[in-house]
Amino acid sequence: MRNTLQYVLKKLLLMIPMVLVITFLIYWGLDLTPGDPISYMFSPDQLANIDPQKLAEMRELYGLNDPFFIRYLKWLWQLLQGNFGYSITNGVAIKDLLAQLFPATLELSLAALLISTVLGSVLGILSALKKGSVGDNLLTVAGMIGVSIPQFFFGMVCIVVFALNLGWLPIGGRTAPGMTGALAHLKFLILPASVLGISLTAGVMRYARSSMLDTMNKDYIKTARAKGLPEWRVNLVHGFRVSLTPVVVLIGFRLPTLIGGSVVIETIFQWPGIGNAFKTAVTGQNYPLVMMIALFSVLAVLMASFLVDILTAILDPRVKLE
Amino acid sequence: MTAEVTRKRTRLDRKFDKLRDAEEAGLLKRSKMNRSLRKMLGNRLAVIGVVVFLIIFLACLLAPVISSYDPQMTDLTQMTKPPSMQHLFGTDKLGRDVFTRTLYGGRLSMLIGLGSALGAAFIGVLLGCYAGYKGGLLDQVILRLSEVFMSFPQLILVIMLGSIFGRGLWNLVIIFIITGWGAVYRQARAKMLSLREEEYVQSMKAFGLNDFVIAYKHMLPNAIGPVVVNLTLSTAMFILDEAAMSFLGLGVPPEVATWGNILNAAQDLYVMQNYWWMWLPVGVVVSLFVISINCIGDGLRDSTDPTQQG
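Same order as they appear, the protein sequences are chains A and B. Once you know that position 300 of the first sequence is 299 in numbering that gives the first Met the number 0, the rest is easy, because the numbers rise by one and skip nothing. Once you know that position 242 of the second sequence is 241 in numbering that gives the first Met the number 0, the rest is easy, because the numbers rise by one and skip nothing.
Worth double-checking, as some hints may not be accurate.
Calculated pairs, DSBU-like style, for lysine-lysine (alpha carbon to alpha carbon, straight line, at most 30 Å) [what the hints assert, rightly or not]:
{"id": "1", "chain 1": "A", "residue 1": "K9", "chain 2": "A", "residue 2": "K73"}
{"id": "2", "chain 1": "B", "residue 1": "K7", "chain 2": "A", "residue 2": "K217"}
{"id": "3", "chain 1": "A", "residue 1": "K129", "chain 2": "B", "residue 2": "K17"}
{"id": "4", "chain 1": "B", "residue 1": "K7", "chain 2": "A", "residue 2": "K129"}
{"id": "5", "chain 1": "A", "residue 1": "K186", "chain 2": "A", "residue 2": "K73"}
{"id": "6", "chain 1": "A", "residue 1": "K129", "chain 2": "A", "residue 2": "K226"}
{"id": "7", "chain 1": "B", "residue 1": "K7", "chain 2": "A", "residue 2": "K130"}
{"id": "8", "chain 1": "A", "residue 1": "K73", "chain 2": "A", "residue 2": "K278"}
{"id": "9", "chain 1": "B", "residue 1": "K17", "chain 2": "B", "residue 2": "K7"}
{"id": "10", "chain 1": "A", "residue 1": "K221", "chain 2": "B", "residue 2": "K7"}
It should be emphasised that the hints constitute simulated quantities derived from the structure, not laboratory data.
Please build the complete structure, drawing on both the sequences and the hints.
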């Protein structure tokens, strides 16, 4: 246990310089983009009521004429206190904006993760059990197609087929006026979540397949067979359970793809989440928002890989020795 | 003791029987072909991949020969025409031939994909080879730096850099190189770390050869294999990224025909439903092309992996 704690601490300490470098790069990027830094600190309403004389004083006061590195440290300090600046286009504090958009993105991401985990591990394990069969080959080809089709193209095809031609599901958006009940809401979720989920499935499937093949060659599986256990028991209880642990860990590795994918999917389906806001912010040259969303997505990925490291260390004690 | 063992005869048994028969008949020639190439040809998916890749690649390369239209020429009498013999993929809202645009767009998309992959591989190998061999502080610094770039979600980093650099074909290539070199660096470095302990390296070191000569001339050829294989997969990735970026309207300027830009034109629902030819064929071509590259990449990886039988 003490060992684990030491490992966790070591990993945490290693993350600090990473976070510093990343925030530095983000601030550098913010500095390179056009725009007056004072507008990142005040909402536009406030800014309009300040006379230029006062603004120049403020510039001095807030150290905007300071060297770059000092400005960076001050910005970082503000960040740590939870002041993320203001969106240029509508003057809303970025913190409030993100808090408002986050639930939508979370909902879509969780649904996509659920779909890809269930579908990917079930298909992967089935194809490992029937290795070399027609079904396995078909799934391999399907997996190859899955990682190769552009997500937005897949989304477009789904919109045309299921929303426009068949009319089963709405084209996009998250809510409709006068909508009540979870069921009506679910209709909006199905299409984007399936597209995002299915496009993530291929990776999980490949991983689950090779992991299951690995497990099925282990000695304890042979022992289980030798004991005369029925085949389904060997597969499900002995093989499946063990090979699934890395698949759970894989959720962490899928996060970068998930975040990138959500930008594309949220844009096509007009889903009011962070990915959609990111795209709009880039097009509208709303740099403070762009940088903040980028920063948070990196931090999310770092956190996920940190958790994955810890989880693997707990599941497999050998990792800590490295 | 010649007890007949009865068991189910499998596909492999039949294969071995065939081989034995051929051997007994003296038909089995010693194959002159490279073992990797032979394994590659045995991989059905990879062979199909090569064929599809060549068809699309050559069609795009020979675009001026295949099509007599100008990809930018608008013809207002021929707006939004469905596919016909004159216009294989129909025409778009400005009367431009979609088939021609797909071919010319493919040239640029391939250029961006391959150029970025080559650039990223060049920088990654250049740094990874030397730093992996020397180790020490330089290696640690570059390694941490590559970790920083790799911890960004690929698409987020690409879009973020795009918003700073502005739209443009070469900007896009530079951005892809910035986001892609880290993975190559780590791969080259890992290979160099294991090669470093080989005896030939140790002996050259003892002879006092220049570090650069050892790293780039003698060790690099042994470390480059996996990088070359990965070049195919990263080309596919960058083609997909370009398509996504241009589709979102953040990539190459809209007047330039690339696969992503052609698809971008079909973003509104009316076009999607009523003028399917403006986006469906292009999307299928992009998908086929990327699938074929991925098949080739997987085949290459399997056939060059000495731990796999074949």
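Against the structure, the hints:
no.	hint	verdict
1	A:K9 x A:K73	holds, 27 Å
2	B:K7 x A:K217	holds, 24 Å
3	A:K129 x B:K17	holds, 26 Å
4	B:K7 x A:K129	holds, 17 Å
5	A:K186 x A:K73	violated, 46 Å
6	A:K129 x A:K226	holds, 22 Å
7	B:K7 x A:K130	holds, 17 Å
8	A:K73 x A:K278	holds, 28 Å
9	B:K17 x B:K7	holds, 17 Å
10	A:K221 x B:K7	holds, 20 Å
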